[in-house]
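Enquirer: Protein chains in written order, with the working numbering: chain A, 1 to 340; chain B, 1001 to 1340; chain C, 2001 to 2340; chain D, 3001 to 3340.
Check before you lean on any hint, since a few could be wrong.
Stated by the list, open to error - Pairwise CB distance ranges, derived in the manner of DEER restraints: (1) C:A2052 / B:A1112: 56 to 62 Å; (2) A:G310 / D:A3151: 54 to 60 Å; (3) C:D2172 / B:E1079: 56 to 62 Å; (4) D:G3043 / C:S2106: 18 to 24 Å; (5) B:A1112 / D:M3311: 46 to 52 Å; (6) C:P2057 / D:E3317: 56 to 62 Å; (7) B:R1260 / A:S106: 38 to 44 Å.
In case anyone wonders, no lab produced these hints; they're calculated from the structure. For clarity, every value in this text was computed on a predicted model and none was experimentally measured. Virtual Cβ for every residue (Gly too), placed ideally from N, Cα, C.
Protein chains: 4
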Amino acid sequence: MLVVMQAHASEAEVRAVCEAIEHLGYHAHPIPGATRTAIGITGNPGAVDLGAIESMPGVVECIPVSKPYKLVSREIKAENTVIEIGEAQIGGPGIAVIAGPCAIESREQAMAIAKAVKAAGVKLFRGGAYKPRTSPYSFQGLGEEGLKILAEVRQAHGLGIVTEAVDNESLDLVEEYADVIQIGARNMQNFSLLKRAGKARKPVLLKRGMSATLDEFLMAAEYVMAEGNYHVILCERGVRTFADHTRNTLDLSVVPAVKRLSHLPILVDPSHGTGRRDKVIPLSRAAVAVGADGLLIEVHHQPDKALSDGMQSLPPEQFEQLMVEIRQIAKVIGRAANGQ
Amino acid sequence: MLVVMQAHASEAEVRAVCEAIEHLGYHAHPIPGATRTAIGITGNPGAVDLGAIESMPGVVECIPVSKPYKLVSREIKAENTVIEIGEAQIGGPGIAVIAGPCAIESREQAMAIAKAVKAAGVKLFRGGAYKPRTSPYSFQGLGEEGLKILAEVRQAHGLGIVTEAVDNESLDLVEEYADVIQIGARNMQNFSLLKRAGKARKPVLLKRGMSATLDEFLMAAEYVMAEGNYHVILCERGVRTFADHTRNTLDLSVVPAVKRLSHLPILVDPSHGTGRRDKVIPLSRAAVAVGADGLLIEVHHQPDKALSDGMQSLPPEQFEQLMVEIRQIAKVIGRAANGQ
Amino acid sequence: MLVVMQAHASEAEVRAVCEAIEHLGYHAHPIPGATRTAIGITGNPGAVDLGAIESMPGVVECIPVSKPYKLVSREIKAENTVIEIGEAQIGGPGIAVIAGPCAIESREQAMAIAKAVKAAGVKLFRGGAYKPRTSPYSFQGLGEEGLKILAEVRQAHGLGIVTEAVDNESLDLVEEYADVIQIGARNMQNFSLLKRAGKARKPVLLKRGMSATLDEFLMAAEYVMAEGNYHVILCERGVRTFADHTRNTLDLSVVPAVKRLSHLPILVDPSHGTGRRDKVIPLSRAAVAVGADGLLIEVHHQPDKALSDGMQSLPPEQFEQLMVEIRQIAKVIGRAANGQ
Amino acid sequence: MLVVMQAHASEAEVRAVCEAIEHLGYHAHPIPGATRTAIGITGNPGAVDLGAIESMPGVVECIPVSKPYKLVSREIKAENTVIEIGEAQIGGPGIAVIAGPCAIESREQAMAIAKAVKAAGVKLFRGGAYKPRTSPYSFQGLGEEGLKILAEVRQAHGLGIVTEAVDNESLDLVEEYADVIQIGARNMQNFSLLKRAGKARKPVLLKRGMSATLDEFLMAAEYVMAEGNYHVILCERGVRTFADHTRNTLDLSVVPAVKRLSHLPILVDPSHGTGRRDKVIPLSRAAVAVGADGLLIEVHHQPDKALSDGMQSLPPEQFEQLMVEIRQIAKVIGRAANGQ
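Chain A extracted, bound-state conformation (with noise of 0.2 Å):
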């Protein structure tokens, strides 16, 4: 159920209204847009009876909200949501690049990488501190002190940090020491976790899980938003299928499909959505003309010689030509790289 406020309503109005809502029991969650304000109801398991709410001052009219999702429909908010880490935006005209290793392995690594993605033009660095991994007998990243090495390198290269938490523990040290948390497909549906994410002060980069659809992969990022925290990316990165030339299928149609939907910005990942180097190039300028709002790439300074994932990374040399072509081809389709 959604309250559409008239478009000079004002503050007091948005709040007694809040305020009705909540006395019935439920949960309001005021969205300012553009020119009006509108009120999401949630909490009701099936149809409100709000005719005391629909006659309040401010109030236009209340619509009822047939999809399953409603903090995150595009019904409830007709603005795309725009999401600032520092420097940077994601959701905006720009085409944001996240752009570092897939695993935090030193130092001396994780300074080398952003030196380089940072000489490219990237404002936004990834690296992973916990990696989830098939095997137990793997490297499972090296934890709070990975994410002491990110939080250097946002000193020395004043790069935001993206990375992932795998539970709730590691959630609480990303959340202090990075900028945006990751989840990660595995996660897609650990409820748990979304609402312990949905608590925190930071944006949330939600990945799609790999048998979801975009019915499960939008209810994830309403069990973000219905904790309050409204500052959701969401992130393609590939599907299982039967198709074995690549890891996994990208699946670029998700991107247009998001964008009707939801006003939630969407990411490609195409290193792990195809798994091999020489896909990641292309698949890159396919998803910015798709119309993705960014990438998620994975660059190591010695791909070879990575423990986790080097198959899929690209070399800074190969990276920076790309942010040339992206660049070129967000251009065509009326954007901008990451604010340039």
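With chain A fixed as given, assemble chains B, C and D onto it according to the hints.
Expert: The following block gives chains B, C and D in isolation, referenced to the frame of chain A:
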């Protein structure tokens, strides 16, 4: 890596080998078999120099295990693992049936269903206190109150209790109140939760993820076992495909595939596997015929009023009839239903 | 659209209604049932004005059939279709087993296997004379020479012959030499071939396509029936998914799903459905338990020397043992194996 | 097996080697390249003793080709295959756009759409005269009448004609009337039709099957080429997955994967690949950006009145705008749209 001990190696000899392995910086997992003990070694990234160990008293040989999983592997333990839960047995000659409602809704509901399934010959009761739901606005379970009701069911009817944990906090409580800790399909690669389950002292029922390969499924079990909990019960519950006549596609061929590679017991959940009441009975028969060690079946005394998944729950009279047929099919392939 | 006739409508009344339908420019398909005849109308793109027909003698009512398929539908014919092939019956109370090699390789091979499967109680023999192979350089079958060998097998052992046609030319020959015309999974939507099969006077065994939904599968059968051949036998042979422990994922839930919507018999092919010899036996048991009307099983007297698909063929002694178990499981669910 | 000839081998030397190969009972396929000719050998089940051939005049070496496909392989022909159709070129530096209605409905419809796409710069016209439809009761195309209309379109507008053949009979007619013979996704493994297409003298546009792996796709092309028709154009049109926000999942990663393994050109069909008009434009942009040699796009002057697939057809004005963008993206990655 696997150390095979002589058939009559003493306990002291086994202990000495374990200590030597730990001294080298690895983890030792002694696995007693019917005729001899084997010792699994984990924590080694690749090949290991175990020359010293091969010459210790009681040691037959050291075998490199090529598969990514070790402790789950039949190479490391040839005999089937049999798990005892009160009077019930999973993985033995009988067919173990775990029955009950999708979610615990009230004391009355739980008791009514427990009485019915007990009368049909069931020894293990299922029912969710924590429900992972696609929507944050759906019924999420009664939480600890539900666990208390389950404990009452055990007291009143002498049934073993199987219920799901969705995060570390709920796992602490489930371990306290229940007999088997269930990890759901959506959490099959929630490695943090798997590690926590590996430290629990109760058996773990691990459901296959919606798009998990067999290797990933076994590696998830390996996560639990690598922490020292060897009592893992696998469960097939349908995978995600293009097919739309059932909610998921139940992959019964995974049962003989697991049996070949692993010593762990495997159950089938035809309720979630099909999502449709009229498919539960035929697929239950098929699951027993294909060689599953048991079934996980949703039963509800008032399916049309169930708060979740009523569409796939059997009413008690249909369930009772199914139990009769299961026993007959079990007999044909040389097994017996639930120890009878 | 379906015209339901009175229980005691005369043949002349049925004929008169059919003529009236044809006169309106549509096709009439009289479908005799146990208690009454129904007449399916096809060739109408949408709703049809049948006012005149509803008032004809012997007519009870005209029912619009909402599903896209008509002639395959149980709404149009409530009783199971039973197909007689010599002494064998498909769709009746018994379990029909069709066994033989993947491909006919020589007279000696065919006779040796026929003798073995006949001894095990089989009445229907399979063997490919035309083989659709992924590579143009693989053995493509003996062609008409293979059909002649199959005809000799019938003569020598009294077995009904089931073999695949791959185009109109081979269908002409298969219709001449064999008893059942098989349409393979790759040709399930070769509509030209389906129409030709619909004009044949022999039953058609139609395999489900590798990624066919249930609706598409039934519509393919509808193509055959719409041409006037009502003797269609469906066959599940595994679908394509991400799972890699079997060659295809055998979807046994399609059996009860077909039974619910259609009166046509459905078989299961666990040989192609799994692609692995050690999975054929458990999945055969499961297919009978789930309610299939029969099995299509590859048997080879020298599996390791087979020119195609030896990996999935059973040796005769394993097949014989399987036949015993099939009969026992059939009995439990109230059926009998192949009329015995 | 591949025979590599010297850079300056004479035609007589090439002919002599071909004759020697045929004499040994195999098929020889001379493949002229920019600098040298290679000769593919097919018809050999395994290794072949070619000692005699390696010592013939003009021969550099004989290379065993390990992949199951040979003639499609880039190992056998390093340069891209470029196919000329009148003024149009597929596989060259330009982006070839084939546009037109799903089905030819009438002379007026075809002419109106042809005029519109011609004005937008298109040189190749598509339109189905034979339509493979899931239901036997759906519009199946105008047949030869449709082909005659297409021939008129060529005459009137100078457009090359691309249209589908569904069996040997329609292929005879398509070969007569059209410029490119299309084989649809449902017939990708209709090997009988592929062989017939291999004997045709017109280029073949081969669509990927709904669940075809890359190897199966290339092997289907190999069937055509093995019969002597080397002018094969591949086309990705979406694969079948669990995802339900588009009709199929367009697998753009197959484009660079094909480019790596094969010298054949590959197009993308975003109309069938998504099944939704609002996804056609973004996915067309992405297909060009990923490196496709061209697009197959459905255009209809009255999409809402189309007899088939109107939901995915673009109106002319949207198509015209798309052509402008395609040219711009093509330029960024160093290509040009349709020979410009």
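Enquirer: If a hint holds in the structure, say so; if it does not, say that too.
Expert: Hint check results:
no.	hint	verdict
1	C:A2052 / B:A1112: 56 to 62 Å	holds, 57 Å
2	A:G310 / D:A3151: 54 to 60 Å	holds, 56 Å
3	C:D2172 / B:E1079: 56 to 62 Å	holds, 58 Å
4	D:G3043 / C:S2106: 18 to 24 Å	holds, 21 Å
5	B:A1112 / D:M3311: 46 to 52 Å	holds, 50 Å
6	C:P2057 / D:E3317: 56 to 62 Å	holds, 58 Å
7	B:R1260 / A:S106: 38 to 44 Å	holds, 42 Å
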